[in-house]
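**Student:** Sequences are here, hints too, so could you generate the full structure?
Listed below, chain by chain, are the residues.
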Amino acid sequence: MKSLTIQEINAIINGEIVGETTHKISGLEQIQKANNTQATFIGNRKYAKHWADSNAALAIVNDTIDLEPGDNRVLIKVKNADLAMAKLLEAFTPEAPYFETEIHPTAVIDKTAKIGKGSRVGAGCYIGKNVVLGDNVTLYPNVTVLDDTTIGDYTTAWSGTIIRERSEIGSHCIFHNNVSIGADGFGYRPSDDGRGLVKIPHIGNVVIGNGVEIGANSCVDRGKFSSTILGDGCKIDNLVQIAHNCVLGRSCIMAGSSGLAGSVTLGDGVMIGGSASIKDHTTIHSGATVGAGSGVMNDVPAGKTVLGYPAVDSREMLKQWVALRKLAR
Amino acid sequence: MKSLTIQEINAIINGEIVGETTHKISGLEQIQKANNTQATFIGNRKYAKHWADSNAALAIVNDTIDLEPGDNRVLIKVKNADLAMAKLLEAFTPEAPYFETEIHPTAVIDKTAKIGKGSRVGAGCYIGKNVVLGDNVTLYPNVTVLDDTTIGDYTTAWSGTIIRERSEIGSHCIFHNNVSIGADGFGYRPSDDGRGLVKIPHIGNVVIGNGVEIGANSCVDRGKFSSTILGDGCKIDNLVQIAHNCVLGRSCIMAGSSGLAGSVTLGDGVMIGGSASIKDHTTIHSGATVGAGSGVMNDVPAGKTVLGYPAVDSREMLKQWVALRKLAR
Amino acid sequence: MKSLTIQEINAIINGEIVGETTHKISGLEQIQKANNTQATFIGNRKYAKHWADSNAALAIVNDTIDLEPGDNRVLIKVKNADLAMAKLLEAFTPEAPYFETEIHPTAVIDKTAKIGKGSRVGAGCYIGKNVVLGDNVTLYPNVTVLDDTTIGDYTTAWSGTIIRERSEIGSHCIFHNNVSIGADGFGYRPSDDGRGLVKIPHIGNVVIGNGVEIGANSCVDRGKFSSTILGDGCKIDNLVQIAHNCVLGRSCIMAGSSGLAGSVTLGDGVMIGGSASIKDHTTIHSGATVGAGSGVMNDVPAGKTVLGYPAVDSREMLKQWVALRKLAR
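Protein chains in written order, with our numbering: chain H, 1 to 329; chain R, 1 to 329; chain W, 1 to 329.
Note that these hints are calculated values from the structure, not bench results. Note that the structure is a prediction, hence the values are computed from the model and not measured. Accuracy of the hints is not assured; some may be wrong.
Repeated chains share a single entry, so a pair holds when one copy, or any two copies, can fit it.
Think about it this way: if two alpha-carbon atoms lie no more than 20 angstroms apart in a straight line, the pair counts; the simulated DMTMM-like pairs of lysine to aspartate or glutamate are [said to hold, decoys possible]: (1) K79 x D299; (2) K326 x E316; (3) K199 x D232; (4) K79 x D193; (5) K117 x D63.
**Tutor:** This is the structure:
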């Protein structure tokens, strides 16, 4: 376990030290649970009252909050305690899980696959024909990468992730557990006798940019033809559905259990709240926000916030909710 | 990569060729991205304006749309460009991922299991006691099939899929990545001392008909006793939940992130929209449709369309939405 | 297959036997599908009319329902047929899937891991550095447990489950297929140049009590720092999302496709309906219930039932729904 002095910590977060302590800091904890080897955070006035009774030796505090450090304890005052916390978390990040060897002997790697320098492939992984892994790629145990897929440098796939054939994955991406990339899209046509459904082949692929993160048990389907595309820096939470031929711009955020139906387009920097869902062939323009739980049935203009089911401008929806509450009385 | 002449393509889609080209066609692409070895589709007047600037050598066009082919380019006029596209996608479908051997040496197959002719089992698969695979079954790497399960001819399971014990799976089915078939249903009883919950064993199984497709990361739970049943031709999208003892008729469609609680019955040809959810012990009769995002709390008569939360007849719900919008003004 | 006499069955459920039969009972089935070696249940008057035409040799009947057994058939009258069914299901539970050896030779187990007495590890499992499995733990084939995780006695993980590093799992837990425990939470900060997002490291872990059950394809993310905690006896259905730093008390129930955003607190015995979602940093106090499909945006007092989107007291929401229906006419 790492252990840092107050001075070493302040070198990371550039605040103002108030008070003194003999304790060194080896981790971070919530204010009511922390012990005297842990730092805590006070980014909000409502947590300040717990400081007196906390066992933490150090609190990182927003400089607008008035507090005294107390005996053998220290405050570091910063502009933004949340941002300081994010930086300090990096300092305390423990080692990633251990790899005995770069390529585990139980991994099955087709002889035509190419593995870059410093890349590591865990036990039970499968790597198909013509797959190309860049440098410093990490595949944790039991990851499957099918034929003709390319994966860029420094990308990590956690156990259980499946990346199907012909996917194109950028660098510095993270795939969490049990992610499914490149499954067929959901499309059928009536059979010629009109009595059943015939599968429409999906011969496209998935193209994922750089710095994309995809949460556990989320799915990105391949295009019918052409590609399903996630732009650089998109951040996708757990249990999210991204259907065939969706196109996401740069740095879009989709929170847990949200979903895009087929051929949805997101501009840059779009934010989709948790459990929200978007109708097929809809466009959400750059900078727009979809509130949690919403069901979007129409295009959303740039920068606008929509909310509700069916989703409309958020202020309009709040008015609807108030009006309905009054009506019911 | 396959390459087809205009004449070979028209032999598949039976349209009317207008114009001539020296190009051969090796794939399909959207009208604004296509190059001169690719075909595109114009099934809707709004895409027709892009034809003049497209680099595609061929467009499959609805015959109600008035267009000229241009120089060294061809139109094939058809009744239904979408249907022609579906057929052409089949012609251009690339080879499925490669198998080095029929049964990969790292697969673990219990000695009592029976594997039919032409069936292929990928690296890292596990096949339990008394499992019976029909002919031409394909299990991609890292699929798990537990004891006493039977799987019919030509069924495919993609990597990460788990099929638990005593499941009965038909022929020509497709299971996409990380599908979970046959996990215990969700049922508890109060403990005898009233202070906790006791698990109700689920001793039933899952029975899946022929031609069923189940999307990535979807779940079908086993029956408490008796079976959870999916009829022939059902098509289930990604991240769908089908709880214990549900019974689905033939050719039902469930879109992404939708869910059925326990003991729901769907007739034949029922369509469930994306993110919709259905209360336990409810019956949705044949030919009924549940709109996207709906929450269904009551039985739905045959052929009816319901919408909203709580779901009612769709026209009634549209009226409610209009009335609320007016009220808020 | 087990086969029990009427007397052996009644020794389990302690009812009153009415009638006689020469048949022995080897399983349970629904009243309209049962044959004469099967028992069925009549816990509700609406099923009583099917008894005359049923082929079942035995029905377990609520003692408030008036029925005659008929020729060579038996009724066992009980206070609560559902409870009797739950106990009888235990008696008929078939053997769990077969293990050839305690530790399958294809499992990869780090030499620093400790495996307790009677524990079984299936084919293709991976167990990382310093993992500690208690006694009688069962890992079905293709389970992954990463470094420094501890798992208590009698816990079972079904195939496809991934438990990431430093998780602390209690005893008598069940993880169904493709569960993801301990993936990073979903948190980002703006990059210093304001043009992108930087991942916030999640250095906490997941702590799961005793007797917890987690459904197929569900996710529990690790804490940002500190822990995401599930109390003893929590029962989580399929496709459920539990985000970073959530804290669940004892015996909470979350039905299928529901989700908690980050830092949600549930008291003891909270019930979350299917497809419901809860806003981040919200507290649902002990004994409260959230109706299916609800979207909760505010704290919920102890014992209260909330419903709808946005969720309010359930009686208030029912009034809103009635008022809107009237308004639309």
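**Student:** With reference to the structure, classify each hint as holding or not holding.
**Tutor:** Right, here's what the structure says about each hint:
1. K79 x D299: Neither way: K79 and D299 sit 38 angstroms apart in one copy and 29 angstroms across, limit 20 angstroms.
2. K326 x E316: Answer is both; intra-copy 15 angstroms and inter-copy 11 angstroms each pass.
3. K199 x D232: between (32 angstroms within a copy, 14 angstroms between copies)
4. K79 x D193: Between copies, since 17 angstroms is at most 20 angstroms while 69 angstroms is not.
5. K117 x D63: neither (46 angstroms within a copy, 55 angstroms between copies)
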